[in-house]
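**Q** Listed below, chain by chain, are the residues.
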Amino acid sequence: MKSINQDNMDEIMFMLLEGEIQGAERIRLLEAIEADPEYSKTWALWQNTKITPDESLVMPVAQLKREKKGFIVPFRIVKYAAAAVVVLAIGTGIYFNSQADIEVVGNVKGPSKPSPVIEAPKPSQVKTIPVERTKDSGKSALREKIRFMADVPELPRLEVPESPNNFENIDSLIAPFKQSPENVLANYEVPDIDSEPQKNNNDVLVTISNSDQNKTTTNNQTKRNLLERVFGNVKFKIENDSNTITKRKMVIENEKYQIIAGF
Amino acid sequence: MTEKEYNQSVDQFSTPLFRFIYKSLNVREDAENVVQDTFESLWMNLAKVENEKAKSWLFTTAYRKMIDTIRKDKKMVEMPEYMNEKGNVASQPDLKEIVNGAMEKLPEIQKTVIMLRDYEGYDYAEIGNITGLNESQVKVYIFRARQTLKNYLVSLENII
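The listed protein sequences derive, respectively, from chains A and B. With the numbering used here as the guide, the letters of the first sequence map in order to residues 2 to 264. With the numbering used here as the guide, the letters of the second sequence map in order to residues -9 to 150.
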């Protein structure tokens, strides 16, 4: 059992203040302190060392509160992303459209040299090259090109004199055209391009046919008159021209085009 | 610890934490930053901190951040004596304000332990966990702090 004196006064009072002495001993010590004015005064000072929080100090809690949320993309990012997607979509569309329009069919080297003359093969040498039919081959550029080439009718073949200097036969050559050019061209029969390869025509080098023959359709329009089909309402005439060797030129013209051939 | 428990901790401990830190730093903005950083850390470690230990965790973390702030800034601005919260000189300072003024003269560790003891009611072991001291050291620091305050009051009494 502890008793208070001048030497242990601070220690006892600290323990009382901290609550380390409880029960009957605490009551007895407090009564002893109260009985002595000096102890009472010192005990009052010890009690004043207990500090109390300043109630005016308050932490704003609103900025500390949290809430789990999904990932929020700021609107400005969405805005730019949407704009980028639109630009990319438009750009891609333009690119592929432009690529679809361009079809490389060969290299143009200019009129430096005349093309070599290739002898046409005999009809027996005519070959059929099958085209593999795929899922979308019906719309392929190759097939369209083949169809286009097949649609081109053969032009009437003019017999050219063997010697370029022999111009005496020109008049007899063009005599039918000179007399009635419309009749000459109008009476020309366009061959049926959907029929078998024209074996009697030496100008047919190669015929490309589709392996699926059943799908082949007959285009009656290909039987149109050559004059109407190629030139429309055409006029044919022979005119004098001092700049040509024969002093003549042949003019074929319609509403849009004019073809002038001088010899 | 759940999100709800975190927000409850904010309601329950943010102001005591702020008062504790503010008494040491004496700069409101710095104290708010420390408290905010502390709760930010708690949010980041939500899965690791148990709700029952949240208060102790908060005070420990805040204390360490406060020490870092003190070391970084080295700008312990002493509060003028008899200065209240708003910075106005009180015409007739009461005993509480005198003690608060005297608190500023205490060494940092004594001030910390006595605030944890009186403000939050922590026992010596809990204060030891927060400050990294053992119980005996905590008790000694608290005793010295109270003795300093008592002697300050005695000297003031003598002057008056």
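It cannot be assumed that every hint is accurate.
As a list, the in silico DSBU-like pairs of lysine-lysine whose alpha-carbon atoms are at most 30 angstroms apart [unchecked claim]:
#1 238/A - 45/B
#2 129/B - 3/A
#3 86/B - 42/A
#4 51/A - 38/B
#5 95/B - 51/A
#6 51/A - 101/B
#7 -6/B - 51/A
#8 238/A - 250/A
#9 95/B - 42/A
#10 66/A - 129/B
#11 95/B - 66/A
#12 42/A - 55/B
#13 51/A - 129/B
#14 248/A - 238/A
#15 66/A - 62/B
Since the hints were made in silico from the structure, they are not lab data.
**Q** Is the hinted pair residue 238/A and residue 250/A satisfied, with a Cα-Cα distance of at most 30 angstroms?
**A** holds (9 angstroms)
**Q** Has the given pair, residue 238/A with residue 45/B, been kept, meaning a C-alpha gap of at most 30 angstroms?
**A** violated (111 angstroms)
**Q** Residue 51/A and residue 129/B were given as a pair; does the straight-line alpha-carbon distance stay at or below 30 angstroms?
**A** holds (15 angstroms)
**Q** Keeping to a limit of 30 angstroms between CA atoms, is the pair of residue 95/B and residue 51/A held or broken?
**A** The given pair, whose Cα atoms are some 16 angstroms apart, holds under the 30 angstroms limit.
**Q** Starting from residue 248/A, check that the Cα of residue 238/A is at most 30 angstroms away, please.
**A** Holds, because 14 angstroms separates the two Cα atoms, which is no more than 30 angstroms.
**Q** For the pair we were handed, residue 51/A and residue 38/B, check the Cα-Cα distance against 30 angstroms.
**A** violated (35 angstroms)
**Q** Do the alpha carbons of residue 95/B and residue 66/A lie within 30 angstroms of each other, as the hint requires?
**A** Distance of about 35 angstroms is beyond 30 angstroms: violated.
**Q** Could you grab the alpha-carbon distance between residue 51/A and residue 101/B and see if it respects the 30 angstroms cut-off?
**A** Holds, because 12 angstroms separates the two Cα atoms, which is no more than 30 angstroms.
**Q** Between residue 86/B and residue 42/A, is the straight-line Cα distance small enough, at 30 angstroms or below?
**A** Since the Cα atoms of residue 86/B and residue 42/A sit roughly 17 angstroms apart, the hinted pair holds (cutoff 30 angstroms).
**Q** Would the pair residue 42/A and residue 55/B pass a check requiring their Cα atoms to be no farther apart than 30 angstroms?
**A** Distance of about 40 angstroms is beyond 30 angstroms: violated.
**Q** Is it true that the CA of residue 95/B sits at most 30 angstroms from the CA of residue 42/A?
**A** The given pair, whose Cα atoms are some 23 angstroms apart, holds under the 30 angstroms limit.
**Q** Take the C-alpha atoms of residue -6/B and residue 51/A, compute the straight-line distance between them, and say whether it is at most 30 angstroms.
**A** Cα-Cα ~34 angstroms, so violated.
Of the hints listed earlier, those the structure fails to meet are numbers 1, 4, 7, 10, 11 and 12, in rising order.
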